[in-house]
Each structure stands twice: as C-alpha cells, then as structure tokens.
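Since the structure of chain C is provided, determine the placement of chains D and Z on it from the hints.
First to last, the sequence lines map onto chains C, D and Z.
Position 82 of the first sequence, counting from 1, maps to 82 under the numbering used here, and the rest follow consecutively.
Position 29 of the second sequence, counting from 1, maps to 29 under the numbering used here, and the rest follow consecutively.
Position 368 of the third sequence, counting from 1, maps to 368 under the numbering used here, and the rest follow consecutively.
Be a bit skeptical, because a hint or two may be false.
When the alpha-carbon atoms are kept at most 20 Å apart in a straight line, the in silico SDA-like pairs for lysine to any residue are as follows [stated by the list, open to error]:
hint: 1; chain 1: D; residue 1: K87; chain 2: Z; residue 2: N307
hint: 2; chain 1: Z; residue 1: K206; chain 2: Z; residue 2: G224
hint: 3; chain 1: C; residue 1: K31; chain 2: C; residue 2: G57
hint: 4; chain 1: Z; residue 1: K291; chain 2: D; residue 2: R86
hint: 5; chain 1: D; residue 1: K28; chain 2: D; residue 2: Q52
hint: 6; chain 1: D; residue 1: K87; chain 2: D; residue 2: D284
hint: 7; chain 1: Z; residue 1: K310; chain 2: D; residue 2: E185
hint: 8; chain 1: Z; residue 1: K332; chain 2: D; residue 2: M173
hint: 9; chain 1: Z; residue 1: K332; chain 2: D; residue 2: L174
hint: 10; chain 1: Z; residue 1: K369; chain 2: Z; residue 2: S341
hint: 11; chain 1: D; residue 1: K234; chain 2: C; residue 2: R136
To be clear, the hints were calculated from the coordinates, so they are not data collected in a lab.
Keep in mind that this is a model prediction, so the values were computed, not measured.
Each chain, written out:
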Amino acid sequence: MSEEIKNTAEPKANNKILEVDNLRVYFHTKKGDSKAVDGNHFDMYENQTLAIVGESGCGKSVTAMSILGLVSEPGEIMPGSKILYTGNGKNVDLAKASDAEIQDIRGNEISMIFQEPMTSLNPVFTVGEQIMENIRIHEDISDEEAKARTIKLLGQVGISRPDEVFNNYPFQMSGGMNQRVMIAMALSCSPKLLIADEPTTALDVTIQAQILMLMNQLKNELGTSIMLITHDLGVVAQVADWVNVMYAGKVVETADVQTLFKNPKHPYTIGLMSSMPSLATEGSRLNVIEGTVPNPVYLPKGCYFADRCKHCMQKCLESQPPVVEFENGHKAACFLYEEAEQKGE
Amino acid sequence: MLKYIVKRLLTSIPVLLIITMVIFGVVKSMPGDEVSAYLGPGTRATAVIRQQARVKYGLDKPLPEQYVRWLGRTLTGNLGTSTTLRKPVGEVIGSYVWNTFILNAAALIIALIFAIPIGIRQAVKKGSFEDNFWTVFSLLGISVPTFFFGLVLIFFVGLRIDWMPISGMRDTMLANFGYSSIWQEIGDILLHMILPTTVLAFGTFATFSRYVRNSMVEVINQDYIRTARAKGLKEKTVIYRHAFKNALIPLVTLLGMYIPSLFSGATILETVFVWPGIGKVLIDGINQRDSALVCACLVFSAILMILGNLLSDVCYSLVDPRVKVDG
Amino acid sequence: MKSKKLAGALAALLAATSMAGCSGSGEGDAGTAAVIYGGSNYVRIVDEELNNALIAGKKTTDMDASIESYKKAFVKESELAPYLPIYGNHLFNIFKKGVNVTTGPVCNWSQALADASIDGGDTLVVGMTQELAGLFSPLYAISSYDQYVVNMVYQSLLAYDANSELYGQAAVEVPEAAEDGKSVTFKLREGLKFSDGSDLTAEDVKFTFTLAADPEYIGGRLDGTFDFIEGWDDYQEGEAEEVSGIVVDDDHTITFKLAEPDIDAVTAIGSLGILSSEQFPYSKGAMGEYKDNNSATLGSNAYKVHNYDKSSGASLVKNENYAGEGEFSIPKVVIKTVAASTELASLQNGDVNYYPELIEPGIIAPATKDDKLAYDYYFRAAEGYVGFNCADGPTADPAVRQALSYATDRQGFVDAFYDMSKAAEDAQNVGLGYVPTAFWSPVAVGMGDATTGTSEIEGAVKYDFDIEKAKQVLEEAGWVEGSDGIREKDGQKLTIKFLASEGNAVLDMLIPMIMDSWGQIGVDLQQSTVDFNTLIDTVGIDSVDTTSWSCFFMATSFTGLSNTSMNDLLGYTEFNLSE
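Same shape as in the complex, but just chain C:
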C-alpha cells in the first residue's frame, strides 16, 4: 500500500481489476425471491470510470453493494456468482471470501461512497476521527501521521481550512462538504476502485458539478478506477469512460460512452436517451417509455423489457434475448440484432 498519495498516476496498461460474472442477488421474501440482480457480467479496468445506469429498482445499487458484501438481509448473493478482484496483485473472489478477507478489502482496496452524505457519516464522531479511523485500521502508522494525512486529504478534496474542519461534526457542515469528506475518507488508503452510489443525487446541481470534477481529478491523480452508479445520463456524459445500462436486474447494453450516446442499440437505451429533456428541443412534451418495470418477484420468462418495447416480437416473450456483440466491445441483449448477427456480423 502506498504511504503517500501520489500526485501523478502512471497510466498503466489496462489491467483488469474486477471481474463480475453471473452475479445474482436475490431477496428472500415471504412471497418468493425478489430477483434484484439476475445475472450480471462486466469487467472493470484500471483508470477507468464505469457508469452503471438505469432507473430506480433496476438493481444498480444492489450490484454496487454486493461487491463489498454490503447487501442487507434478506438479500443474498446466490451461489454461482463470481466477483473477482484482481487489483494490486490480489486475487479474491469477494462472493466467497471470509469476513476477514472482505474487511481487508473494504476501505482499502475498494472503497464506497453513498448517496446521502448527511446521514452517511456518524453524527457523534468528528469527521477527522472518522477519516483517521479508516487509515488506522488498514495501515500501521502513528496518530500524528494519520492526522496529518487526514488534514491533507481534506485539503485535497477542496475543503478550505482543513485543520479546523477536522474537528467538525457532520451536522455542522453542508451536504456538499460532507460528500467531500466521504470522498476523502474513501480515498484515504488509495484504493484501486471507488464505488460511488449516486454520489451527487442529493446535492444541488452546482455542487454536483464540483464533486464530479473532483472525482475525475482524483482519479487521474491517484489512478483509482470509479464505478459510478447513477440514473442521470447527464452525469454519465460528463465523467464516464464506459457505460453499463441495466434494466430489471440485467445489463441490457454496454459500450464506451461516446458510442452509447451516438449509437444506442437496445430499445430501452434508445428510450432513455430520447427521454432526456434538452434545452435545445423546446416546447414539446417529454418522451416517456410507456409501462412500468416488472415486479422482481414475478419476472417474465421472456425479455423483461418486452411489454414496453415498441419492437416487441413473439420470440421476445418466450425466451431471454441473446447478447449480441457489435464493435469495440459494444454489446446489447436484444432479439432485434440476432438476425443481423446471424447474417454474419
């Protein structure tokens, strides 16, 4: 682990740091299993910002939580899931790891920040104490050193007078400042991966922009990859390198950010794009995707999006759509493109 925060990150060759395979997370309720995440596959690489996008309830948060084993009861990561962390020379399947192994990874190799900064920090400890705690459980350094590093971190996240803020309690600061503190805390041990679950949703737009800029900047300085969970395509556009679009627990399309915006393939993605309000198009009504998300307890056997899809065909209702690969890693799961593939690329 690094002793100091690097000021410039050496651009590494794109090594894979996270491999998620067949991730299924079910919530066991009396009515049956609620399949929040039903077969996710994706990889993450060094120095990459992956955005996972989707509407509420699509399973993106659960995906993020499950990586660090933070899914609460009655949720369970189903057997057969694989969450392989390979950063920093480690090789740990987080789905099967012991408590001690996971605790070693948390806050250290993989960190996470959450949506509500005001409630995500413990109200009875100062922010300084909470950041220091993170450092001290993962690294064996003295109190003075930890404190110095904490104050430096606070400065790096754009907090002025960090030595005073060190002694503040979370309730004494605004949401934006608290989120900066969270980021400082998350990055205090220079993790390989930062998972950010809707980090700006609870903040105003101006602060949002600042936070995103900060995250980007830190990513470049420290070489930390970011998994950004969001429902906001605007945010995606600003910071993501790669995008996964999720719907009803499955990834329906994945592509680099430019390709996704220019050339979305999956009907759901297309619908999402067109429903973004734009100042450019004035006056007309917002586009909506008709219908609602299926109940995760009673999922259909066919394509989950079928009942809302303009292009729905008979076979869409009968079985799960295949994953069709386009150029440069762009994939979509849809029957529409099956023939195109069959016709030969």
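Coordinates of chains D and Z only, in the frame set by chain C:
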C-alpha cells in the same frame, strides 16, 4: 454549560415553590386528625389535652401560617420532628434513604450489566429466536408483581439454601452484638441484598433491555452504519462503537431521569424483605398522618425529580454533539 | 379548663333529656362534688343505674363489695346492650421446641423471663411483624412491642406472674390499702440497683410519678391514670412544687395518699416502671430528655438495652447490676421485625425462635402441626365489638340494640373466621376465637369468667343467635314492618348506618353476614367505609357528628385485671359539675 445549569436551577425554584404548596395542602387535607393518630385510640386524652398537643406541634394555627412557618423552617434545614418516630425528620430520612439507595443502585448496575449486551444482541439478531426469547423474558419482568416474585424467591430459593437470608438488611446477631470488621459488615449486607436485589434487577433489566434493543435497532438501520462496514471495520467495532455510541444517547437521558428514583423506595419490596428503606417509612407516615415526615419526603422527591430532569438534559448534551445547551 | 368541662356536662344533660328512655344526671349529697356520668366517648350511653353501679365498684378498696357492684353493672349493661361483643381470642405463642417460657393472661413473655430458659442456646430471638418504635420509656411506650422492652428493662413496684397473681417486684409485697381506703404504703426491697450501678430508692419512685404529673406530660399515654392521687392536679395544673400526695417516708418506704378510694389504685400505682431520678436533669415543666430521648434506657430490671436500631430491632443483655429476684438464665434477648408473609418461615428456618401473641389461624394452624415447634396460649385481654350510637338514630332505642344483638350469628362468625380445622387436634380443642358474653375484660378480677362464658352471672341477658326473638323484640317496641320490608316507628325507618374501617379482614367476613341476618329482621343496612383515623374522629369524644353513623366496629384492649379499664377508659367519662 455552567451558566445553563445555574439558569435551570434558578427557574426551578418557582416551580418547586408551587410544588411545596401543593404538597403541603394535600398532606394537610388528608382526613383524620394528626394529633389523634399520634395519641392513639387507647389514649386517655380529652379534648383539652388534644388541643394542647396541637398547640405544641403548631397545628392550631391557620393553614397558610402553618405553611409559611413550615417553609421557613425547611429552608433553614429544620425539617421538623416526626410525630410518629419522635425524631428529627432529617435524621429519619437520612438514616433510611441510604438503605434504599444501595438496594436500588445495586439493582440498577446489575440490570445494566445484563441489559446492555443482551439488548444489543437482540437488536443484532432481530427477529431471531434469541430476540423473541429475551422479549418474552422482559415482558415477564415487567408484568410479574414484585411481591409475588419476592415471595417466590424467598420460598423456593431462600428457604432451600441454608445460608441465604430471607429478610432484613443485616444478620440479627451480628447487627446487635457487633461485627468483627468492616468487611464482615459489608459482606453481611451484600449477602442480605442478594434476594431483594434480584427481584428489583429483574424488573429494571426488563425496562432497560427493551430500551437498548429498540434504540439499537433504530441505529443499526442507519446509513452511517453501512458506511462503517464499508470502511472495513470489524462487525464488533461497528456494533459496539459506531452503533452503540448513538444508541447510548436516549439511554443516557433515561438514566438521568432514573437516578433520582434510586432514592425513593420500592415500598412493597421493602415490606416483603423487611428492608429498612425510606419507602416503608413514608407509607407508615402517611397512614399515621405524620405531616412533617410526609411533607419532607415528598419535597425531597420533588427536588430529586427536578434534578433528575436537569441531569438528563445535561447528559444528553454531553453525549450528543448535535445538542447544545445555551448558556 | 373547668368551663369546658362544664360545657361538656351541660351538653350531655341536654342530650340526655332529649333522648327517649334514658335519664341523665345524678346528683351527689350536698357538700360533696356533684358527679355526672356523661356520655361515653363512643357509644354515648347514659343510664343512672349503670353509672351508679360503676361508680360504686370503682370508688372503694373493698374487693368483694367492688365485685358485687360490678356484677350489677354487668347485668344492667347486658340489658341496655350499648355494645355487641363479636369475638375474643386465645393468644398463641409459637416457639421452637427447647425454648421454655411460661406466660399467662396478664404476664407475657417479657414479664416471664425470670424462670425462662433455652435448651442449648443463649439467645431468645423474638419475632414481630411490626417495627419497634423505639419509645422505651414506661411513660411513653405506646405500642405493646415497645412495652416488651420496657418490661424487661424497668422494674415496677408490683407485677403479675404466670398464674395472674400479683407479687412484689420492686416492692417487698403487695400492700393493703389503709382502712379508710385513702392511702397505701409500699415497702421497697433493699439493694435494688439501676443498670449503671446506682441505687433505687423511694425517691426514684416518687420522681417517676412526678414526671407523670408534669405539665409537659399532658396528653401522654398514662395521663389521667393517676388522678386519684392527692395533690396530683395541683402539681400538674397548679403551682405546687411537688405532688403532695406522694410521701417518701424513708429510702425504702413510700406512701401514696388517695383523694378518694379507688379499687384499681394499688395495681395502677404498682404497674408503673421506675425511672432513675439521676439519669437526666429535670425541673417542673422541663422534662428534657425524659421526654425526648426515649431510646436511652436506665432501669433496674434484669436486662438492659444493648443496641437499638429501627431496622435491625433491639437487643438486650443481662444487667450485671441486677439485684432482684429470679434466675434469668437467658443471657441475650433480641427482638426483630419480620415480614408478615414470611412469619412462619422465619420461625422454621431459625431466624427467630419465639413468636408471641399470634391470632392468625393461617399461621397458628400449620405451626401446631410442626413437630419442631411448640405452643402455649392464654386469653387475650381484648375484644372485637360493634358499638352502637346510643344518642341518636334508631339505635338510641335499646330495643333496637337488643334486637340487633339477637340477630347476629356471632358463633357462626367466630367459627368461620378463626377456623382452626387445619390445626393439630389439641389446638383445635383450645380454639382460637370465642364469643364473649359482654363487653368486659375477659381477664378481669372476679368478672372475667363471666365474660368468657366459663361462669355465669345471674340476671345477665344472653344474646344467642335467634332471629325470631329479634323480630319479637322489635315488634313489641313498636317497630313495624313497612311496605318495603323495612321496619319503622314514629316515622323513623330502621336504617342502620354502619361505619366501617378499611382493610379490616373481620369486617370483610362480618358485614355480609349481618347484611343478611339483619336484613331478615327488617333492617336497612347502609355501610360506609373510611380509614381508621377518620373513624376515630367521627365517633370520638370530640365529634359532634352523631347522625352519620349508627354503629361501628372496633377491636380494643383492656388493661390488666381491672374491671374498669375499659369501662373507664373508653366507656364512661367522668365529669365534675361543681367547684
């Protein structure tokens, strides 16, 4: 903080004054004549004699005047003389209140020692068999009447074990003919405390464990607990440091209120176990219309209540950084 | 003071003349103070024949004549029926086998220690369910439990033994009153010492009585007991510097002059515990610690208080300076408080080894069956009774009182309430409760047997349970059944207002019984329940309220063997009309 405390104390004075008026009025309006009670039904006292006794104790004056005199004396520390015990009231209260206090305090400490870990465990294992078991246990603790439980303990435990005392605070022979050392005395008292403390602790445990459990359950569901886990903290640390410190806040305020009640007696318990506490003294005083004693006890209670409130608020502000008391 | 008494007497006169069937005053001969016996504290009965008989019995020193007069009073009282005695008891002492203490009706365990012993033990641990109050002074001890300590620590001139025989304790022997009945001389034993080694002389005896006469003592328990001593009032209410009627002849001889003959004079004087004149400073009107420090005891009897603590009780040890008679082979006595719920358990597990004067069948019965425990018993000098309002309401009519007496199944109550069916057979034969024939001390000299039913007095009315007789008495007196089943006479309904005290187990059983049986004879019974102190205030001597109640229930004790202890104490009050 000091300013706050002083301000609170000052504002409680008018409240206390009104309370003393109410207490005095209620005690004096109890039907039955204090002097008759004191002289007893077997007395040869005629009306003349009763009147003289009334004059002696100042009971012939109009009520407001009695009140003012009583208040004046009380403020200077003279709590009057108990007509039933014929001792200064201050002495009476002083000698009994500590007996009650040690019993209550021991019960509280024991109860907390069990209630906190069990309450936490219940919260962590919410909905499990363990959780439900302790919930039922606590319900029992709250529902079973103290005298019943006390008698059960006496008959099924106390009498079965030779060396277990079933009543009193001290061994008769040792108390009357001397202890060989202070340690023997302490040991003797502790031995006698076993049964009554168990009864008290049972009920106290029930109250506090439920409180701790419910407080913890609320806290465990908070976002910052998730953050603590996300930092890679051991679960023990998450529960006992991050969660419990927050759950402690309402607990501390409850304790603050509880402290004053340590000085007032569990009368029924004291009767069953012949424990020389203030509860029994007060009830006897009420039955025998010993107004000086009863008034003093009630005022004492009232003061404790007010202090308890204050203590509770101060503790609250000390434990929860979000709460600031204005000076 | 005098004018108050006058007012009281006049009021009684007025009340008397307005009552049907009862006459009021009796006047003495010219030249002596006219005496009126006014209404009693509670029942307020006024009857010349009854009053005269009581006076005659009291104001003499001839025991035989006294008893003759009392017998007349007994008969008259039974006719007038101002009281309805409900029950009397045997008192049981329960103790561990091996504890040898022999008691009697007026000699309880604390007075019987001279011959007592414990096999293989040195401490008598006495249990009681009430706490000691710590008023261990012969002048101030109110509760009978405090009296136990007084009995052990202080000597009085005379005392009773287990056979109810009076004997000389500090005195050499029981003295005879002089021929004219106006003085009695006691000779003290030689060599008596207080527990601090100082001598007990006749001065101390006079001193003790002087304290009782002190103006500061007014209202104390014994106030009024010794008014018959000459010079008493002068000291208590006047300027006299000593009680002139008490004469110290020499260190061991003391004479009491009586203002008038009194049958109880000797026993009253003889039963006061003797205090030391040197214990505390004293001057008239300033009793000082004799009044305020009752836990500091100094007596001449065989025990002294070793330790007293309200919580752990009292402990007493042998007085090494004791110079009186008796073995007193038990070196230590401890009195401790026990919870009522664990009474028997404490005895069985050895916490206590002696339980005096029990009357609960729930404890006595199982105890008599326990072969590790033993018991003895004697008549309790007390009765539970219903008192009638003889001044107002339907109960002012003696016929009503008689009828109610006939209509109460007292034997049935006693059998049910003092149910000894679970006791050992010999205890069952003794019985715990009985029905007294009269409101009179069951242990009184010459009269007690008649009360307990052991013997009979000719002419006394016996109120056996007889509903038909009750109805007959009412009919003959003019109480006719109305349309609602309630009798009435002269426009007044037979409504009986029963004033009950709360939390009384006797009433819980008795009232439903009389509700039924009195109802059968046409009575409308209305019950109101108050706490005990309020009850006393309502029926008490100072109360002007005679219309809110027709009868009440109380249980009180008689003092010793005296025939007038109750009838003087609570029954009939003496007023002096002139001078």
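Hint-by-hint comparison with the structure:
no. : hint             : in the structure
1   : D:K87 to Z:N307  : holds (17 Å)
2   : Z:K206 to Z:G224 : holds (17 Å)
3   : C:K31 to C:G57   : holds (18 Å)
4   : Z:K291 to D:R86  : holds (10 Å)
5   : D:K28 to D:Q52   : holds (19 Å)
6   : D:K87 to D:D284  : holds (15 Å)
7   : Z:K310 to D:E185 : holds (17 Å)
8   : Z:K332 to D:M173 : holds (10 Å)
9   : Z:K332 to D:L174 : holds (13 Å)
10  : Z:K369 to Z:S341 : holds (19 Å)
11  : D:K234 to C:R136 : holds (13 Å)
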